[in-house]
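Student: The primary structure of each chain is shown beneath.
2 protein chains.
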Amino acid sequence: MSSAMEEWRFPARYDQDYLPDPDQPYWFPHRETMDPQERDAAVLARLREVMAYAYERSPFYRRKWDAVDCNPADITSFEAFEQVPVVTKEEMRAAQRDHPPFGDYVCVDDAEIHHIHGTSGTTGAPTAFALGRRDWEVIADNHARIMWAMGIRPGDTVFVAALFSLYLGSWGAMAGAERLRCRVLPFGAGVQGMTARAVTWLARVRPRAFYATPSYALRLAEVARQEKIDPREFGIEVMFFSGEPGASVPAVRGAIAEAFGARVVDCGTMAEMTPFMSASATSGTPDGMLLWQDIVWHEVCDPATFRTVPYGSEGTPVYTHLERTSQPMIRLASNDLTRWVMEDNPCGRTYPKLPDGVYGRIDDMIHIRGENVYPTEVDNYLRGVPGYAGEHQIVVSRAGTMDEMTVRAECSYPPEQRPEFVRTTGEGLQSLLGVRVTFETVDAGTFPRAEHKSRRVVDERAHARR
Amino acid sequence: MSSAMEEWRFPARYDQDYLPDPDQPYWFPHRETMDPQERDAAVLARLREVMAYAYERSPFYRRKWDAVDCNPADITSFEAFEQVPVVTKEEMRAAQRDHPPFGDYVCVDDAEIHHIHGTSGTTGAPTAFALGRRDWEVIADNHARIMWAMGIRPGDTVFVAALFSLYLGSWGAMAGAERLRCRVLPFGAGVQGMTARAVTWLARVRPRAFYATPSYALRLAEVARQEKIDPREFGIEVMFFSGEPGASVPAVRGAIAEAFGARVVDCGTMAEMTPFMSASATSGTPDGMLLWQDIVWHEVCDPATFRTVPYGSEGTPVYTHLERTSQPMIRLASNDLTRWVMEDNPCGRTYPKLPDGVYGRIDDMIHIRGENVYPTEVDNYLRGVPGYAGEHQIVVSRAGTMDEMTVRAECSYPPEQRPEFVRTTGEGLQSLLGVRVTFETVDAGTFPRAEHKSRRVVDERAHARR
Numbered sequence: 007m008s009s010a011m012e013e014w015r016f017p018a019r020y021d022q023d024y025l026p027d028p029d030q031p032y033w034f035p036h037r038e039t040m041d042p043q044e045r046d047a048a049v050l051a052r053l054r055e056v057m058a059y060a061y062e063r064s065p066f067y068r069r070k071w072d073a074v075d076c077n078p079a080d081i082t083s084f085e086a087f088e089q090v091p092v093v094t095k096e097e098m099r100a101a102q103r104d105h106p107p108f109g110d111y112v113c114v115d116d117a118e119i120h121h122i123h124g125t126s127g128t129t130g131a132p133t134a135f136a137l138g139r140r141d142w143e144v145i146a147d148n149h150a151r152i153m154w155a156m157g158i159r160p161g162d163t164v165f166v167a168a169l170f171s172l173y174l175g176s177w178g179a180m181a182g183a184e185r186l187r188c189r190v191l192p193f194g195a196g197v198q199g200m201t202a203r204a205v206t207w208l209a210r211v212r213p214r215a216f217y218a219t220p221s222y223a224l225r226l227a228e229v230a231r232q233e234k235i236d237p238r239e240f241g242i243e244v245m246f247f248s249g250e251p252g253a254s255v256p257a258v259r260g261a262i263a264e265a266f267g268a269r270v271v272d273c274g275t276m277a278e279m280t281p282f283m284s285a286s287a288t289s290g291t292p293d294g295m296l297l298w299q300d301i302v303w304h305e306v307c308d309p310a311t312f313r314t315v316p317y318g319s320e321g322t323p324v325y326t327h328l329e330r331t332s333q334p335m336i337r338l339a340s341n342d343l344t345r346w347v348m349e350d351n352p353c354g355r356t357y358p359k360l361p362d363g364v365y366g367r368i369d370d371m372i373h374i375r376g377e378n379v380y381p382t383e384v385d386n387y388l389r390g391v392p393g394y395a396g397e398h399q400i401v402v403s404r405a406g407t408m409d410e411m412t413v414r415a416e417c418s419y420p421p422e423q424r425p426e427f428v429r430t431t432g433e434g435l436q437s438l439l440g441v442r443v444t445f446e447t448v449d450a451g452t453f454p455r456a457e458h459k460s461r462r463v464v465d466e467r468a469h470a471r472r
Numbered sequence: 007m008s009s010a011m012e013e014w015r016f017p018a019r020y021d022q023d024y025l026p027d028p029d030q031p032y033w034f035p036h037r038e039t040m041d042p043q044e045r046d047a048a049v050l051a052r053l054r055e056v057m058a059y060a061y062e063r064s065p066f067y068r069r070k071w072d073a074v075d076c077n078p079a080d081i082t083s084f085e086a087f088e089q090v091p092v093v094t095k096e097e098m099r100a101a102q103r104d105h106p107p108f109g110d111y112v113c114v115d116d117a118e119i120h121h122i123h124g125t126s127g128t129t130g131a132p133t134a135f136a137l138g139r140r141d142w143e144v145i146a147d148n149h150a151r152i153m154w155a156m157g158i159r160p161g162d163t164v165f166v167a168a169l170f171s172l173y174l175g176s177w178g179a180m181a182g183a184e185r186l187r188c189r190v191l192p193f194g195a196g197v198q199g200m201t202a203r204a205v206t207w208l209a210r211v212r213p214r215a216f217y218a219t220p221s222y223a224l225r226l227a228e229v230a231r232q233e234k235i236d237p238r239e240f241g242i243e244v245m246f247f248s249g250e251p252g253a254s255v256p257a258v259r260g261a262i263a264e265a266f267g268a269r270v271v272d273c274g275t276m277a278e279m280t281p282f283m284s285a286s287a288t289s290g291t292p293d294g295m296l297l298w299q300d301i302v303w304h305e306v307c308d309p310a311t312f313r314t315v316p317y318g319s320e321g322t323p324v325y326t327h328l329e330r331t332s333q334p335m336i337r338l339a340s341n342d343l344t345r346w347v348m349e350d351n352p353c354g355r356t357y358p359k360l361p362d363g364v365y366g367r368i369d370d371m372i373h374i375r376g377e378n379v380y381p382t383e384v385d386n387y388l389r390g391v392p393g394y395a396g397e398h399q400i401v402v403s404r405a406g407t408m409d410e411m412t413v414r415a416e417c418s419y420p421p422e423q424r425p426e427f428v429r430t431t432g433e434g435l436q437s438l439l440g441v442r443v444t445f446e447t448v449d450a451g452t453f454p455r456a457e458h459k460s461r462r463v464v465d466e467r468a469h470a471r472r
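Read top to bottom, the protein sequences are chains A and B.
Residues in the first sequence are numbered from 7 upward in steps of one, following this note's numbering.
Residues in the second sequence are numbered from 7 upward in steps of one, following this note's numbering.
It is possible that some hints are incorrect.
Simulated crosslink set (DSS-like; lysine-lysine; CA at most 30 Å straight-line) [unchecked claim]:
#1 A/234 / B/234
#2 A/95 / B/234
#3 B/459 / B/95
#4 B/459 / B/234
#5 B/459 / A/459
#6 A/459 / A/234
#7 A/95 / A/459
Now the stretches of chain A that chain B is said to cover, found in silico as 3 or more residues with beta-carbon under 8 Å [what the hints assert, rightly or not]:
#8 28-38
#9 192-201
Derived from the structure by calculation, the hints contain no laboratory data.
The structure displayed is predicted, hence computed values, not measured ones.
Ideal Cβ placement from N, Cα and C applies to all residues, glycine included.
Extracted from the complex, chain A is given alone in its bound form (with noise of 0.2 Å):
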């Protein structure tokens, strides 16, 4: 084996042929198993490449950077990196307001551009995403190496169950799944009743893998067994996600495995940096997930000074992209909530690791009485319970001074034992969450069930965000 990494050039481009041996676990086993210091040092020469490259092109870039004096050329050390200012999503949303529609952040030509995605945009005003003709080639290589280290493998099915629009977690799984040369059916997501045909055409075509994101594959359960199909009839092996962290939270993770009777792989960083794939979990690693730091450098930071924190702890990820030419994010804060840890994996990639996964948003996180309480937590918590039904509500509202927190939770038991169901669950909660919680039971199937992404978070205060 080579000690040159494979195919490591930028502009990135990749020989549209090359297919690893079926039998081997790695598309790339230099890059992938290589000494981290070595492609770290590797890595911190690309970066200034990419800087260099967004200097040049982008008058956002030279904007910020001229304003602090940073020069790409003198980010000779990861802790000259971790001084460059990040990036955030309000400087994109204005850049694109001044100089619509992509902003002056965009490197590339007109003419390469190649498909414009965006935010969905439910609240404020939508970001733009241009993505260039190569880079879309290169995502579709980086998107089917990581679907390798999943153990798909050519001419699998992928049935691709997430909308296809300006989101563009389904277009990568889509495009990797087509460059891994697999059968894929990008069957969407979304429109009414198509829920009950996407369970047809599961026990159909009968695919090997599997992507949406987590809410709609426990949705896509339920409506198997309204439709008296047992989701497990579907034969899916491997079932990979990204576009919410349920993947990682182990109850969620636990109720689709234990739905599909498949392997569930947590994959995704933020709509900013994709659909470059850049952190999953692996068949031989399959807890958490993996950060290529390859193909995106990701740094877990302190949020207040976006240093990297040390290996252990938790902090926010940023996010840069090595390959992207068209709009390449260099220190994108990403508002998320990680831990990262360096330790030896099982599936021997020298990567670092986020072994919980992405576990929340800092603006999610909900402040209430001087505790932290993730709703992630409430949604593990209650899916352990006998006699939850699947879906509840979070309400946070303020009575005079005081926030309130009621949790509203779906439960299958007749009235007679709903009592005892909401005392000890009320308790459970309270002692898990560290604040006063009032737990109160509806009905099975009173709340929606999410096509694309859960929303369970009502916050009725003042200062409420959303």
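Starting from the structure of chain A, add chain B where the hints point.
Tutor: Just chain B, lined up with the frame of chain A:
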């Protein structure tokens, strides 16, 4: 210019880097403008090639043709070809039931299958489509070629506002736009609230070209106006349509052109043939659809004998793929209705033409008291009537032994003006259709707007097929 047809070979394979000079009206100047008899001679040889290919690989075709002593090598004239038995949808459904999931008319190895799509199957068992990897490239190429003829050029933004799922029209439009080096926004359609978001994005990216179903374009114009945006402000120049006959129905076509201030282009054949694009108008021949006989061989046939009818006559289209290797359709009976002509096309292409598009289906035709009524005629008539508010329903029922037809149309007039509207419109409809019609009004907005294809006929008679 060479007299040989450009890149004419089977299996088809096109130079993926080829693009014509932007000022040239034709993608393949010779193929498109050559002596049609010379082209037909090449097609006849290709038909033999495609049949020999299918005979060798598909038990379905072998069985079907052996039963009538039909040998591909004997197809030395179009007269001989017209005796090849047609393929029906029922046969394909039976083949897929007996040989799931794709039927025994798949002619490529499993490993070559790239995409799986299918009929949406709101009634009856859906049919699954397998598309080959190389087919998908060819599809992109011939879509690009026809989009070129519509006047779409590299660098144009193409907005695709049709559902990305089993339905193939949206995928073909996208693949063609990609091959043409356009910027594609694959927005999709069909999800609650998505139409208002489409309005936002159309105003923002101002695409030069747009693809949807005709019903949905009208729906979109309506939603734009509700949002106080004139659809003309989107700046769309070329709108191309398939999935429904509307874009050749004069009043629908006129309503779309008027609402958006854009050129309307009709295209499309049927689901089993797509996304091989082979029937469409061009910028120089804007009405009806040309039949690109070197992509798909189109015959317009007597629906009883399946022999072609003379140019100038009405009949049912019968389609044969000339480039598809995965599930080639050879003399597929469409059950549609059209009329074909052969005349000098202003754009210079030497293809036959369907001057009124594909205007109906044999089984959509309403048989009422011995008369045939096409729902598109009612649609076309109503759109020309002042006070008509955009949607209607046709109810066919039986009172005793008599068939009754009721048309319920939305009306924007206040109650006092309705009686006059009912009288004149009802009389107009009756004299147009030649059958007695009960005509009623309902308020504007009464009927659902189609997110995909319109369903306006309710047949309540005992023998109703739907």
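Student: Name the hints, by number, that the structure is in violation of.
Tutor: 1, 8
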